[in-house]
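K.L.:
Sequence:
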Amino acid sequence: MLQHRPHTTVVLAMSADGKIADFRRSPARFGSRADKAHLEKQIATSDAVLFGAGTLRAYGTTFTVSDPTLVQLRAQEGKPPQPVHIVTTHSGNLNPEINFFKQPVRRWLLTTTLGTLSWKGRLQTLPATLGTEAQERDPEFEQILVFETPRREIDILAALKHLANIDIARLVVLGGGELVASLLGLDLIDELWLTVCPLILGGSTAPTPVEGKGFLPDLAPKLQLLEVHTVEQEVFLHYRLQRPAD
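Those letters in the sequence shown? Residues 815 to 1060, by this note's numbering.
Keep in mind that the hints were calculated from the coordinates and are not lab data.
Idealized CB from N, CA, C, for every residue including glycine.
Watch out, some of these pointers could steer you wrong.
Unchecked claim - Here are the simulated DSS-like pairs of lysine-lysine, each with C-alpha atoms no more than 30 angstroms apart in a straight line:
id, residue 1, residue 2
1, Lys-893, Lys-850
2, Lys-975, Lys-916
3, Lys-855, Lys-975
4, Lys-855, Lys-1036
5, Lys-934, Lys-850
6, Lys-916, Lys-934
7, Lys-850, Lys-916
8, Lys-855, Lys-916
9, Lys-893, Lys-916
10, Lys-893, Lys-1027
11, Lys-975, Lys-893
12, Lys-975, Lys-934
13, Lys-893, Lys-855
14, Lys-975, Lys-1036
To be verified - The calculated label-pair distances, taken between Cβ atoms and stated as ranges, are:
id, residue 1, residue 2, range
15, Asp-1001, Ala-851, 25 to 33 angstroms
16, Glu-1046, Pro-894, 42 to 50 angstroms
17, Gly-1026, Arg-966, 12 to 20 angstroms
18, Arg-847, Val-1042, 14 to 22 angstroms
19, Pro-841, Leu-1037, 34 to 42 angstroms
20, Glu-911, Glu-854, 24 to 32 angstroms
21, Ala-889, Ala-851, 15 to 23 angstroms
22, Lys-916, Glu-854, 17 to 25 angstroms
23, Leu-1040, Asp-831, 33 to 41 angstroms
24, Phe-837, Ser-905, 19 to 27 angstroms
With the sequences and hints as input, model every part of the structure.
P.N.:
This is the structure in structure tokens:
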């Protein structure tokens, strides 16, 4: 039986050799218009999207729903135009000047006690014109979620249980590989959408969809292929995670 948490789907584009960015970890902009439309559709079905600080640092922005049809469908379902966008970071080391903080989305921060102190520490440098109340409220993040293990790491399981308790039923994960690895390690992923793009990036340090320590074959998460289709030169793969009950 699945633990009480959101239905979680990973959505990533990768090169034909399984890289989600080049060896410089530059923003991955090699997906086609079809891939971007696919990503937008997946985000539009979600209540929240989750991504790591490294992904945010690479892009400086998050991916929002802009298709009027998708926005209308969300409205018909009683949802706001955009899902909540949740950044996860242990350190709280984020640049408040990036465009992400100007986008019209609800922003939440998932971090540790240390990360909270680090992030709130930069409030001391904000202009006094913001006022004490604005500084206490945090002008960038609507909510700061602190869930940590005894080792002072982010307790992602407790965080997802909390999201389910506040009616976040569908969660889309946009990377990066460390975050996906931690979720897989705790059996917290239900589906994966992988777009295989027609290029080879190579590089021993180039990031892949799943980073971390890796899995031995006997313990590796097993997948069931649900669908596969091609659009011009790209292949869209849809998997679900197999579990013992399957």
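K.L.:
Now tell me if each hint is right for this structure.
P.N.:
Evaluated hints:
1. Lys-893 x Lys-850: The hint holds at about 21 angstroms.
2. Lys-975 x Lys-916: 29 angstroms, holds
3. Lys-855 x Lys-975: Holds, because 25 angstroms separates the two Cα atoms, which is no more than 30 angstroms.
4. Lys-855 x Lys-1036: 26 angstroms, holds
5. Lys-934 x Lys-850: Status violated; Cα separation ~34 angstroms.
6. Lys-916 x Lys-934: 18 angstroms, holds
7. Lys-850 x Lys-916: Judged against 30 angstroms, a Cα distance of about 21 angstroms means the pair holds.
8. Lys-855 x Lys-916: With Cα atoms ~22 angstroms apart, Lys-855 and Lys-916 stay inside 30 angstroms; holds.
9. Lys-893 x Lys-916: 21 angstroms, holds
10. Lys-893 x Lys-1027: Given pair Lys-893, Lys-1027 is violated - Cα atoms ~38 angstroms apart, limit 30 angstroms.
11. Lys-975 x Lys-893: 21 angstroms, holds
12. Lys-975 x Lys-934: 25 angstroms, holds
13. Lys-893 x Lys-855: 14 angstroms, holds
14. Lys-975 x Lys-1036: 23 angstroms, holds
15. Asp-1001 x Ala-851: 25 to 33 angstroms: 30 angstroms, holds
16. Glu-1046 x Pro-894: 42 to 50 angstroms: 33 angstroms, violated
17. Gly-1026 x Arg-966: 12 to 20 angstroms: 18 angstroms, holds
18. Arg-847 x Val-1042: 14 to 22 angstroms: 20 angstroms, holds
19. Pro-841 x Leu-1037: 34 to 42 angstroms: For Leu-1037 against Pro-841, whose Cβ atoms are near 27 angstroms apart, the range 34 to 42 angstroms is violated.
20. Glu-911 x Glu-854: 24 to 32 angstroms: Distance hint for Glu-911, Glu-854 holds at roughly 26 angstroms.
21. Ala-889 x Ala-851: 15 to 23 angstroms: Given range 15 to 23 angstroms: holds, Cβ gap about 19 angstroms.
22. Lys-916 x Glu-854: 17 to 25 angstroms: 19 angstroms, holds
23. Leu-1040 x Asp-831: 33 to 41 angstroms: The hinted range 33 to 41 angstroms is violated for Leu-1040 and Asp-831, with Cβ atoms some 23 angstroms apart.
24. Phe-837 x Ser-905: 19 to 27 angstroms: Taking Cβ atoms as reference, Phe-837 and Ser-905 lie about 23 angstroms apart, which means the hint holds.
When each numbered hint is compared with the structure, violations occur for hints 5, 10, 16, 19 and 23.
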